[in-house]
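Q: Now for the letters of each chain:
Number of protein chains: 2
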Amino acid sequence: MNILSKKIGIIGGGQLGKMMILDAKRLGFYCATLDPTKHCPSHSISDAHIIAPFDDRDALRQLAEMTDVLTYEFEHIDAEFLNILEDEGYTIYPSPKALLKIQDKYEQNKMLKSAGIPIPDFKNITSIDELNDYVKDRGFKGMLKSRLGGYDGKGNYLIRSEADVEEAYTTLASNGSPIMVEEFIPFIMEVSVLATRGIEGDIVIYPVGENIHKNSILDETIVPARVSGEVHKKAHDIAWKVMEVFEGVGMFCVELFVTEDGSVLVNEVAPRPHNSGHYTIEGCLTSQFEQHIRAITGLPLGHVELLGPCVMKNLLGQEGEFGKTRIEGLVECLSEPELKLHLYGKEETKAFRKMGHLTVLSSSIEEALEKARQGYSQIKIMAEKG
Amino acid sequence: MNILSKKIGIIGGGQLGKMMILDAKRLGFYCATLDPTKHCPSHSISDAHIIAPFDDRDALRQLAEMTDVLTYEFEHIDAEFLNILEDEGYTIYPSPKALLKIQDKYEQNKMLKSAGIPIPDFKNITSIDELNDYVKDRGFKGMLKSRLGGYDGKGNYLIRSEADVEEAYTTLASNGSPIMVEEFIPFIMEVSVLATRGIEGDIVIYPVGENIHKNSILDETIVPARVSGEVHKKAHDIAWKVMEVFEGVGMFCVELFVTEDGSVLVNEVAPRPHNSGHYTIEGCLTSQFEQHIRAITGLPLGHVELLGPCVMKNLLGQEGEFGKTRIEGLVECLSEPELKLHLYGKEETKAFRKMGHLTVLSSSIEEALEKARQGYSQIKIMAEKG
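Protein chains in written order, with my numbering: chain A, 176 to 561; chain B, 176 to 561.
Bear in mind the hints are in silico, worked out from the structure with no lab data behind them.
Be careful, since some hints might not be right.
[Said to hold, decoys possible] The list that follows gives simulated cross-link-like pairs (lysine to aspartate or glutamate, DMTMM-like), each with its CA atoms no further than 25 Å apart:
#1 A:K288 with A:E503
#2 B:K499 with A:D222
#3 A:K181 with B:E496
#4 A:K499 with A:E523
#5 A:K499 with B:D243
#6 A:K546 with B:D377
#7 A:K181 with B:D243
#8 A:K560 with A:E480
#9 A:K181 with A:D253
#10 A:K555 with B:E375
#11 A:K560 with B:D377
#12 A:K181 with B:E480
#13 A:K288 with A:E263
#14 B:K181 with B:E282
#15 B:K499 with A:E541
#16 B:K181 with A:E523
#17 B:K181 with A:E522
#18 A:K529 with A:E559
#19 A:K408 with A:E385
#20 B:K182 with B:E261
#21 A:K499 with B:D222
#22 B:K182 with A:E559
#23 A:K213 with B:D377
#24 B:K546 with A:E375
#25 A:K389 with A:D304
#26 B:K555 with A:E305
#27 A:K408 with A:D377
#28 B:K181 with A:E250
#29 A:K546 with B:E480
#30 B:K182 with A:E507
#31 B:K529 with B:E496
#32 B:K181 with A:E503
#33 B:K555 with B:E480
#34 A:K555 with B:D243
#35 B:K213 with B:E240
Between the sequences and the hints, there should be enough to build the whole structure, so can you do that?
A: Here it is in structure tokens:
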């Protein structure tokens with residue numbers, strides 16, 4: 176089959192889906208989206224848009240039937256049904272078999288551990304007593320996690336003292352997901368590495384990015400990460416091993432903790448382009464989105480070296496603002512010529528919703544940071560006054 | 176008005192319109208297209224598509240009414256009617272008044288000349304005797320041109336000897352456009368410079384690109400052009416002056432001749448993003464398309480410095496191939512990781528039709544040239560066998 180006549184189906188029409196399509200369109204691909212929101216970010220640039228809930232199996236089957244390869248922009252989807260579709264012969268990347276393992280953080284950790292990849296100690300938790308025993312041995316410190324469905328810190332509860340144990344347990348146990356606990360890692364930095372595997376098994380690894388979170392949501396990514404050469408190498412090697420473990424085709428993001436003694440441990444793995452990889456649009460010749468499209472359509476993978484130091488900063492919906500999106504300070508923000516702005520086109524804003532991001536590629540990290548923060552201070556995502 | 180709620184209307188849905196929309200969408204803009212071809216390159220990424228001939232005044236008015244700023248991807252459009260719309264209060268960039276002058280090469284040359292910008296000598300021609308007198312004085316050498324509507328060498332006739340005069344005249348005089356003649360410039364290189372003017376009058380000038388034509392169609396653009404620093408400066412200064420002459424808002428491309436003695440003369444001016452500026456997608460932080468969108472929507476202009484040496488090469492429909500597009504050698508072409516491929520998504524191919532382009536950004540011009548030509552040699556734009 177002529178590769179370009181491969182039609183791509185994407186589950187999810189948010190910003191990640193939109194940015195995948197923008198790059199797929201440059202290469203001339205047809206893209207269909209499944210998303211319940213009519214005016215989602217991907218809507219106006221999709222060749223077709225199935226408006227249906229993500230768990231609508233008829234809609235998922237319809238998307239698979241009208242396209243040649245299925246992919247997804249987030250991992251909390253019906254992996255079991257995708258597995259059925261794959262067994263029926265539909266092409267889905269990354270494979271639903273890898274996705275099923277990754278979706279469940281406990282299973283993910285077990286796989287990583289048995290491959291010898293450094294991760295925090297962890298334990299499945301089925302009662303408050305089990306939790307209590309686990310954290311008591313560790314000075315009442317630990318990270319309680321929903322095994323399924325968490326993101327942006329949701330589904331996590333940091334236990335800092337004995338007093339936190341009960342609330343942590345009752346909060347997460349009532350969510351309907353099984354839970355697990357991880358030892359608390361006193362990390363000095365969070366970093367992430369994008370890795371992509373092609374259909375032929377070829378692997379490319381992007382530079383290491385340094386991630387700064389605010390309220391458990393990614394705020395800034397600084398590339399290259401300000402860590403030693405040794406830490407860069409460890410992070411790179413771990414990402415490579417992770418790709419071998421999951422045998423996934425497509426873009427994966429490996430989030431890592433760096434500790435004071437220079438240890439590097441996997442926090443979690445996402446089987447898709449990732450917020451911390453947005454810098455690649457300007458920072459690398461091949462963006463994470465184009466790379467993902469190349470991988471899942473069987474094209475050779477592109478160049479991943481950094482073109483220059485860069486900083487990505489997320490633009491979230493302002494606290495206290497809810498309703499039709501209105502951008503303030505656009506001109507002021509863009510008055511820095513090295514600043515590149517991305518607005519996702521979400522019709523409605525709310526507090527902390529990811530509405531866009533900005534990237535500065537400059538001659539040094541310090542300069543990029545200063546310009547990114549200056550531009551960021553000028554722009555606000557507000558709601559129209561009712 | 177909130178700048179982002181400005182809707183953009185684009186006359187023309189070819190590759191230039193498509194690439195404008197891809198960048199406008201990153202910034203979150205709404206884009207409507209007018210193009211007679213349903214499955215034109217812009218179709219699937221436009222928020223709205225009016226399918227009508229370019230000279231359909233009702234359709235042009237409809238596009239103006241449904242958007243807040245009109246622009247165009249090619250200059251051979253109904254500038255007179257756009258002028259009427261502008262006088263009625265619609266916003267159109269670049270201004271139809273500049274467009275009317277630029278459309279007519281004779282008027283364009285007169286404006287450039289009176290501003291003291293170096294151009295070849297030229298003369299309006301209304302009879303074969305006038306033409307004969309003009310070229311006789313110049314050793315029977317000259318370039319006869321249709322004043323209106325030429326592109327990619329169409330509408331030009333190079334007179335090389337006395338024997339060419341009659342055929343040149345009868346060929347072009349029968350085209351329905353008035354004609355003019357220019358002295359023949361024995362140039363050693365053709366270069367071009369992109370220049371953009373914002374709504375506030377701010378101007379940015381891109382690096383100088385070296386253009387190599389084949390069969391009068393652009394084949395390669397090499398940036399930076401391999402000319403002296405003095406020629407770079409002259410080209411830059413001329414582009415700046417041209418922007419002042421036309422007072423245009425938006426992207427302009429100034430095509431120039433470079434002679435052996437280092438003179439630089441304007442060949443022609445296009446009031447739009449240009450094939451020779453495609454390198455800016457990878458080669459600069461702000462592509463010519465994003466820059467155009469920024470200019471016409473009133474946003475500050477972006478960074479235009481070159482990120483590294485690059486080479487753009489056009490992909491034309493193979494000679495002898497006509498019909499549904501089929502790409503050969505895609506995988507082989509993309510096996511060079513530094514090569515970026517752009518395919519416009521035109522359903523039908525024909526000989527010499529612009530179907531895509533490739534760009535290589537590398538560590539030296541020599542390396543970029545070698546990789547671009549190697550990739551180019553692998554890919555072919557064919558037609559499906561009937």
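Q: None of the hints should be skipped; say for each whether it holds.
A: A quick look at each hint next to the structure:
1. As the CA atoms of A:K288 and A:E503 are separated by approximately 47 Å, the hinted pair breaks the 25 Å bound.
2. Only pairs whose Cα atoms come within 25 Å are accepted, and B:K499 paired with A:D222 is accepted, the gap being roughly 19 Å.
3. The suggested pairing of A:K181 with B:E496 holds, with an alpha-carbon distance near 22 Å, which does not exceed 25 Å.
4. Taken as a hint, the A:K499 and A:E523 pair is honoured in the structure, with Cα atoms around 5 Å apart against an allowance of 25 Å.
5. As the CA atoms of A:K499 and B:D243 are separated by approximately 20 Å, the hinted pair is consistent with the 25 Å bound.
6. Between A:K546 and B:D377 the CA atoms are separated by roughly 21 Å; this keeps the pair inside 25 Å, and the hint holds.
7. At most 25 Å may separate the alpha-carbon atoms for a hinted pair to count; A:K181 and B:D243 exceed this at roughly 36 Å.
8. For the hint linking A:K560 to A:E480, the alpha-carbon distance of about 45 Å lies beyond 25 Å, and the restraint is violated.
9. Restraint check for A:K181 and A:D253: satisfied, since their Cα atoms lie roughly 23 Å apart, inside the 25 Å limit.
10. At roughly 23 Å between alpha-carbon atoms, A:K555 and B:E375 fall within 25 Å of each other, so this suggested pair holds.
11. Simply put, A:K560 and B:D377 have alpha-carbon atoms about 33 Å apart, too far for the 25 Å limit, and the pair is violated.
12. Between A:K181 and B:E480 the CA atoms are separated by roughly 36 Å; this puts the pair beyond 25 Å, and the hint is violated.
13. At roughly 31 Å between alpha-carbon atoms, A:K288 and A:E263 are farther apart than 25 Å, so this suggested pair is violated.
14. Of the pairs offered as hints, the one joining B:K181 and B:E282 is violated, with about 33 Å between alpha carbons and a cut-off of 25 Å exceeded.
15. Taking the CA atoms of B:K499 and A:E541, the gap is about 51 Å. The hint is violated against a cut of 25 Å.
16. Restraint check for B:K181 and A:E523: the C-alpha separation of about 17 Å stays at or below 25 Å, so the hint holds.
17. Between B:K181 and A:E522 the CA atoms are separated by roughly 14 Å; this keeps the pair inside 25 Å, and the hint holds.
18. Under the criterion of a C-alpha separation no larger than 25 Å, the hint pairing A:K529 with A:E559 is consistent with the structure, at around 17 Å.
19. As the CA atoms of A:K408 and A:E385 are separated by approximately 14 Å, the hinted pair is consistent with the 25 Å bound.
20. As the CA atoms of B:K182 and B:E261 are separated by approximately 16 Å, the hinted pair is consistent with the 25 Å bound.
21. The suggested pairing of A:K499 with B:D222 holds, with an alpha-carbon distance near 19 Å, which does not exceed 25 Å.
22. Distance hint between B:K182 and A:E559 is fulfilled; the C-alpha atoms sit about 18 Å from each other, no more than 25 Å.
23. With a C-alpha separation of about 39 Å, the suggested pair A:K213 and B:D377 falls outside the 25 Å cut-off, and the hint is violated.
24. At roughly 23 Å between alpha-carbon atoms, B:K546 and A:E375 fall within 25 Å of each other, so this suggested pair holds.
25. Taking the CA atoms of A:K389 and A:D304, the gap is near 32 Å; set against the 25 Å cutoff, the hint is violated.
26. With a C-alpha separation of about 64 Å, the suggested pairing of B:K555 with A:E305 is violated against the 25 Å cut-off.
27. A hinted pair counts as satisfied when its Cα atoms are at most 25 Å apart, and A:K408 with A:D377 qualifies at roughly 19 Å.
28. For the given pair, B:K181 sits about 35 Å from A:E250 by alpha-carbon distance, which is inconsistent with the 25 Å threshold.
29. This hinted pair checks out: A:K546 and B:E480 have alpha carbons roughly 17 Å apart, not beyond 25 Å.
30. Our distance criterion of 25 Å between C-alpha atoms is met by B:K182 and A:E507, whose separation comes to about 20 Å.
31. For the hint pairing B:K529 with B:E496, the CA-to-CA distance comes to about 13 Å; that is within 25 Å, so the pair holds.
32. For the given pair, B:K181 sits about 14 Å from A:E503 by alpha-carbon distance, which is consistent with the 25 Å threshold.
33. Of the supplied pair hints, the one linking B:K555 and B:E480 is violated, its CA atoms being roughly 32 Å apart against a limit of 25 Å.
34. For the hint pairing A:K555 with B:D243, the CA-to-CA distance comes to about 23 Å; that is within 25 Å, so the pair holds.
35. With a C-alpha separation of about 21 Å, the suggested pair B:K213 and B:E240 falls inside the 25 Å cut-off, and the hint holds.
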